[in-house]
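J.: Take a look at the letters that make up each chain.
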Amino acid sequence: MRGILCKMRSHEIKRSMPSEGDIMSKTMFDKIWQDHLVRDSQGDTFLIYIDLHLVHEVTSPQAFAALRENKRTVRCPRKTVATMDHNVSTRTKDITKVETTSRTQMEALSQNCHEFGIRLYDFKDKDQGIVHVIGPEQGLTQPGLTIVCGDSHTSTHGAFGSLAFGIGTSEVEHVLATQTLQQSQPKTMLISIDGKLGKGVTSKDIILFIIGQIGTAGGTGYVIEYAGSAIRALSMEARMTICNMSIEAGARAGMIAPDETTFNYIKGRDFAPKGADWEKALAYWKTLPSDNGAQFDLGLNIKAQDIKPMVTWGTSPGQVTTVDGVVPDPESMKDAVDRTAARNALAYMDLKPGTKISDIKIDKVFIGSCTNGRIEDMRAAAALVLGKRVAEGVTAIVVPGSGRVRVQAEKEGLDKIFKDAGFEWRFAGCSMCLGMNDDQLKKGERCASSSNRNFEGRQGPGGRTHLMSPQMAALAALEGKITDIRNYAAI
Amino acid sequence: MQPFKTHTGIAAPLNRVNVDTDAIIPKQFLRKIEKAGYGKHLFHEWRYSDYEGTRENPDFILNQGPYRKATVLLARDNFGCGSSREHAPWALADFGFKLIIAPSFADIFYNNCVKNGILLTPLKSQEVDEIFTFIEKNKGVAISADLPSQKVTAGGKTYSFQIDAFNKECLLKGLDSIGWSLQFEDKITAYENKIKTQHPWL
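Those protein sequences? They're chains Y and Z, same order as listed.
Take 1 as the starting number for the first sequence in the numbering used here and just add one per residue.
Take 1 as the starting number for the second sequence in the numbering used here and just add one per residue.
Calculated directly from the structure, the hints in this document are not laboratory data.
Do not take every clue at face value.
Claimed, not checked - On the chain Z side, residues computed to face chain Y include the following (Cβ under 7 Å):
id	residue
1	D20
2	K115
3	W201
Nothing here was measured: the structure is a model prediction, and the numbers come from that model.
Every residue, glycine too, gets a C-beta built ideally from N, C-alpha and C.
I would like the entire structure built from these sequences, with the hints used as guidance.
T.: Here you go:
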């Protein structure tokens with residue numbers, strides 16, 4: 001590990017200076033960045049080429065409108081792929097039943113994609129789904145690519161060893177018009193997690209633990225590479241969960257080196273390279289992992305066995321503790337800013353210091369999102385739910401991340417397990433992760449959620465969110481309160 | 001985009017850390033297909049006591065006296081975190097904000113602000129503390145920022161801030177960033193040709 005200690009809080013960060021001989025070694029980020037430079041930098045700003053641009057209905061209409069206004073066009077339509085996810089209904093495929101402004105946005109996306117020749121998975125398409133679920137599922141997401149989308153959770157795609165990050169609408173317009181972006185070069189951070197995860201501990205717990213350690217601004221200005229034996233042992237779905245929430249640690253992007261797990265996941269998918277191209281691509285992908293001795297600007301070592309199942313208690317993902325912990329006392333916090341933030345959070349969440357996390361009762365459960373709406377998440381939650389019932393007074397919904405996840409889950413009978421237990425089984429979409437459609441918390445309702453943000457009002461105005469793994473969200477539905485998965489007999 | 005050189009205006013203190021873009025502009029206002037008209041929904045859940053936004057919350061800073069006309073916002077660490085929605089700077093600009101001072105800003109939000117002519121000045125935590133103290137003692141006082149010299153002035157003290165040279169130029173000139181990139185169209189084409197040979201599967 002090579003690093004210069006600056007703003008990280010953990011005692012585990014090591015300070016070391018680069019040694020000679022390491023100079024030629026490159027990180028995976030360096031390799032991809034350098035491979036995509038279109039021209040030399042202007043000041044600290046570079047022009048980088050974008051290989052894959054993903055688009056959804058909420059952050060794109062103004063970009064297309066501006067293109068038209070300025071008489072510009074889409075430079076490379078085949079490198080942009082669109083879907084409808086943020087405000088689609090998860091109850092019906094009948095667009096006439098969708099709220100008018102949402103419908104206008106969806107219709108605008110259809111019109112824009114038609115006019116500019118962009119592939120669109122619209123709300124009726126069998127493969128429609130959350131943009132960060134369908135990219136990998138279709139084989140569009142591949143190692144070594146630069147991938148952007150007008151959505152902060154674009155960091156998900158870094159799980160394949162790509163450089164993937166969220167952008168704003170002006171940048172969406174810029175990519176459409178030029179297939180490039182102006183970017184300053186981020187710094188690099190290596191987070192290494194070694195050892196074996198404990199019983200009931202998932203990749204969601206890994207990333208919540210990391211955010212708890214480095215804070216929600218700990219990654220600001222950095223691209224984080226996750227490495228170590230605990231990461232190597234994870235499936236692609238689990239890796240995506242970690243990279244997905246890199247943005248909640250403030251990072252520009254998260255990345256994991258591609259390996260056999262990655263290649264096996266991609267092989268045979270719709271847009272994956274085929275035949276001789278596959279061999280060429282594979283040879284290139286194998287050159288991408290960070291070289292031995294490559295230098296990172298910061299580093300953090302974590303022992304997998306130190307990670308327990310995690311639950312957020314506040315209104316920022318960094319306000320997180322272990323499921324066997326208690327709600328902290330703001331007055332015990334040394335930093336005045338943290339103290340004020342914790343006071344505000346507890347007032348909003350209606351929680352008292354010292355309350356056991358496992359005593360917190362919940363009203364709603366949401367299993368889904370680009371963080372945890374993949375087939376593996378559905379399987380893991382269903383395994384716990386099999387033969388049980390949702391607690392009285394609790395409303396629980398399961399929203400698959402894509403049409404394909406939904407079909408696969410139904411083939412395996414998972415929908416039946418959920419429905420028999422009293423869960424609602426929905427169509428694919430972002431749903432209650434951000435409540436842009438009609439899946440929302442009501443004021444004062446408390447939710448165990450497998451999503452990514454516990455901000456005030458995120459899941460509905462006045463709603464209260466506790467983030468956790470989909471497995472623990474499922475258990476919360478059964479028990480009516482937050483439940484430690486490690487005490488559960490089925491595990 | 002309007003060029004930004006200098007600005008002086010009333011500074012509102014928003015004493016919160018991790019102000020996310022969901023708080024700046026909640027999801028129910030993201031369904032429009034235009035860029036204009038978001039200012040009235042800025043900080044909606046803090047600014048209004050009801051969902052419809054008809055009753056102001058008198059405790060919220062922007063509903064108090066001089067701060068209704070604030071054009072400078074003073075905030076804490078990690079301002080603009082969370083969702084990449086550019087509706088957040090659109091709402092801030094539409095309300096009238098030109099300058100935001102905080103110890104740190106989220107990356108995507110920072111870029112979005114540059115594209116909308118809003119200057120973000122990261123200062124040291126203790127400097128931000130000083131300015132908080134100053135404006136809380138002098139309600140409605142103006143603060144200035146000068147982009148060419150990269151200085152913020154508050155209460156007779158000046159503070160330096162960092163900005164990337166290219167972002168600075170974009171703000172100073174109100175540059176059309178797409179037009180700028182398209183100057184290098186020959187280089188983009190050359191890159192695409194190179195990739196066709198090197199990575200034929202793309």
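J.: Does each hint fit the structure? Answer for all of them.
T.: Checked hints:
1. D20: 5 Å, holds
2. K115: With Cβ-Cβ at 4 Å, under 7 Å, it holds.
3. W201: Check passed: Cβ of Z:W201 comes within 4 Å of chain Y, closer than 7 Å.
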